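Chemist: Given chain R's structure and the hints, the job is docking chain S onto it.
One line per chain: the protein sequences are R and S, in this order. Numbering follows the UniProt record's numbering, with no gaps: position 197 of the first sequence is 197. Numbering follows the UniProt record's numbering, with no gaps: position 195 of the second sequence is 195.
Quick caveat, the hints were computed from the structure, so don't treat them as lab data. There could be a bad hint or two in this list.
Since the list gives no way to pick out one identical chain from another, each pair is judged satisfied if it fits inside one copy or across any two copies.
[Said to hold, decoys possible] PhoX-like, lysine-lysine: derived pairs with alpha carbons at most 20 angstroms apart:
1. K350 - K309
2. K225 - K147
3. K350 - K372
4. K309 - K372
The model shown is predicted, which means the values in this text are computed figures rather than measured ones.
2 protein chains.
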Amino acid sequence: MVTQTLSSYITASSYEKIGEKAIYEAKRSLLNWLGVAIGGSQHESVKKVLAVSQVIGSSPQASVLGRTEKVDMLFAALLNGLSSHVDDFDDTLLETVLHPSAPVYPAVLSFAEYQKKSGKDVLEAFIVGTEAAARVALSVYPSHYWKGWHITGSVGGIGAAAAISTMMRLNVEETLFAIGIAATDPTGLREMFGTMTKPYHPGKAAMNGMLAALMAAQGFTSSTKSLEAERGFVKALSNEESFEMITKKWGETYEIEKNSYKPFASGVVTHPAIDGIISIQKKYQLLPQQVEWIEITGHPLVEELTGKKIITTGLEGKFSVYHCVAAAFFQLKAGIHEFTDDCVNDSCIKGLREKVRLVINETYREDQAQVKVKLYDGREYIHTVDHAIGSQQNPMTDQQLQDKFIDVTGSIINTEKKRRLIDLIAHLDEVDDLAEFFALCCPVFTENHS
Amino acid sequence: MVTQTLSSYITASSYEKIGEKAIYEAKRSLLNWLGVAIGGSQHESVKKVLAVSQVIGSSPQASVLGRTEKVDMLFAALLNGLSSHVDDFDDTLLETVLHPSAPVYPAVLSFAEYQKKSGKDVLEAFIVGTEAAARVALSVYPSHYWKGWHITGSVGGIGAAAAISTMMRLNVEETLFAIGIAATDPTGLREMFGTMTKPYHPGKAAMNGMLAALMAAQGFTSSTKSLEAERGFVKALSNEESFEMITKKWGETYEIEKNSYKPFASGVVTHPAIDGIISIQKKYQLLPQQVEWIEITGHPLVEELTGKKIITTGLEGKFSVYHCVAAAFFQLKAGIHEFTDDCVNDSCIKGLREKVRLVINETYREDQAQVKVKLYDGREYIHTVDHAIGSQQNPMTDQQLQDKFIDVTGSIINTEKKRRLIDLIAHLDEVDDLAEFFALCCPVFTENHS
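So here's chain R without its partners, still in its complex pose:
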């Protein structure tokens, strides 16, 4: 009955029933997600899949956000999911490490564009789809992850299917079948981390979930107990049997309310150190040649996951807390540009990197760090971060999310468009025609700004 109950909850959803808090967080999720999707849109992995869409003659139904090309709804879902995850800079539900927007928003938006849905439709479908995905994630976590599944891809398709079912106003049986078709089609092994196939996972989940809902809308049948059956999704892909997580207290609060956003374009364990050095620099504006050393004290995982000292590529820089701190010292941020090959190999940043050292303290929490800067003249500056920015205790403010949006979208769209998009998203529930939204995501030239 679990899948049946879930489907009945999904179909009983309505925009009016959803509280303001969830709507507010869905808008923040969209701003963050759209920024990183546009920011990732010039990545070579996106161009490669776009070339495939051209080989199969995809029809121009929906936008590749941040680009001038249009492709069919399914490929738009795939491409926008890919671009939004390629920089590992999207949002996270920390309890299961599910990135909710990357598989759900691309499906919702490409469908909304072609089918001319409203802003309220988009917000409702995203919240309901995320709710379904997050709850299935809770039902399979953690063994699912340890078995080797990348939960954002494997569970994301169910979220996309639930979202499109919501948007299409499918009935309970159709929604049940949409979830079943998506459940039989999970994408994503953790082995793919570090390759283009990692961001392919949420993209493919968005595509699979949308296809599932489109098929169910035509009357295609599936199991009626795809999640809870003996040979169903939960048992085949995890050792858990936490089925009650899927439906318990549905509608009382929404999982999207717990969403968190990355202020920095690297793994969360580096964030307290980056937060600390930025705090010091904002206050004292030190020059690198004044610095004798910088000492970071943090949780053991900082060294285990990000202890790389010798690095030559931007991707490696994400796994070097030494680089993260050195780059943030200069730039007062750690965005996409701080993890380019150029930045990692800059001689000034390399020089400062050599002055950074790491002390592990097992009593520290993961979101905690102390940063100490010692100058040649003997002065010392210390900043202690109790809860890094972006953690659940210290969420990013609206202003910080807007600044991130402006930063990550770079020169792909101009400042005027950025401002207008920020405003549009803040008032998305009042927008009946999303044509302007999609037009604003489109650059004038595709190839001249990468």
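Modeler: Chain S in isolation, oriented as in the chain R frame:
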């Protein structure tokens, strides 16, 4: 190194290196597969997915076999994979219960049609793709199956990716990435058996595998050890570590040489009984009103899997050995038409069904049965089947495969086309231009013959 070695073997393949036995069996596989694909092409599940392809504006690149519509290569792979498995009448590698043609041939043929490949290209790509899929299947079987995976879908995508990589002459690294992208994207839970989603599995595998190869051809990257890694395909989807099955003695013989074909459109455990009653009827042409009872002696699984006595639908008929025997008594076959609702509910067949009884003998093998017919006048006819037709010891002859092709394609294409297709497939290695092949699979009208 397993995936790397597999990829190097795939790229080193050539038509000339493949022995005659494998080529011969690939042609028999194609004849059988094409028949059931055309036979299934009017099924409502096919029409529903076709409707989705129209919603997304799919471009006319490749044929939906048995229909007049053309769709893009990816959707053609999906649709032809679906139609060829919807009647559960396709081929089987009995060792792992992998149905090799259903995920591999649709990918190969839709690519071949649009890219104007030759008959030799098709045969080589199918044999290599099947080899890859069958060996990965051996490496995960049996725990993969018991965990809940439908192996034809979950492993089939790797076969389709290997086949398209072969056809595109991808290099070792590209092939490695194609396999990685397909491996991260398995489709198919056994929970879906009995719904339209079951035949969706090989169709989606064909689509996923083709997409993977098209992406890899563009330079999209993936893991280089997707099969054997700690968080890779084999460990995430099974409890086996039989990696050596994937590459051992590659090229010495081909798995396709072990392919088997169903003479009857029901589960294999019913086949010895059907074979037996047909043998008696071919010899004695008994009338139903002469029969007092028919007694089937067989393996315990016959009762466990097909012991349904009261049935009202064609699908249930497949799980009733009583119906199988009664229908075969009248028709001298048990094809698609014998498992329609009409046939199951025919009063004559129902009457005879009540005269059929079952005796279980634990010493019998699964491909063995004894059929005894007792007439009212006291005469008894006994036929013992040691190895049912279609089993590995008693394979279907070319003539029987041709008769099956003619039967399952029904009135969708006319007799002249059937004869010409049988001839074309027998000489496929001599065909440079497959345009005629695809034209022959196309009926004059789409909707008037279902």
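Chemist: Taking the hints in turn, state whether each one holds.
Modeler: Going down the list of hints, with the structure as the test:
Taking the shortest alpha-carbon separations for K350 and K309, only the intra-copy value of 10 angstroms comes in at or below 20 angstroms, while the best inter-copy value is 79 angstroms. For the homomeric pair K225 and K147, the shortest alpha-carbon distance between copies (16 angstroms) is at most 20 angstroms, but the shortest distance inside one copy (23 angstroms) is not. With identical chains, the CA atoms of K350 and K372 are at most 20 angstroms apart within one copy only, with a shortest distance of 19 angstroms there and 88 angstroms across copies. Taking CA atoms no more than 20 angstroms apart as the test, K309 paired with K372 passes inside one copy only; the shortest distance there is 19 angstroms, against 80 angstroms between copies.
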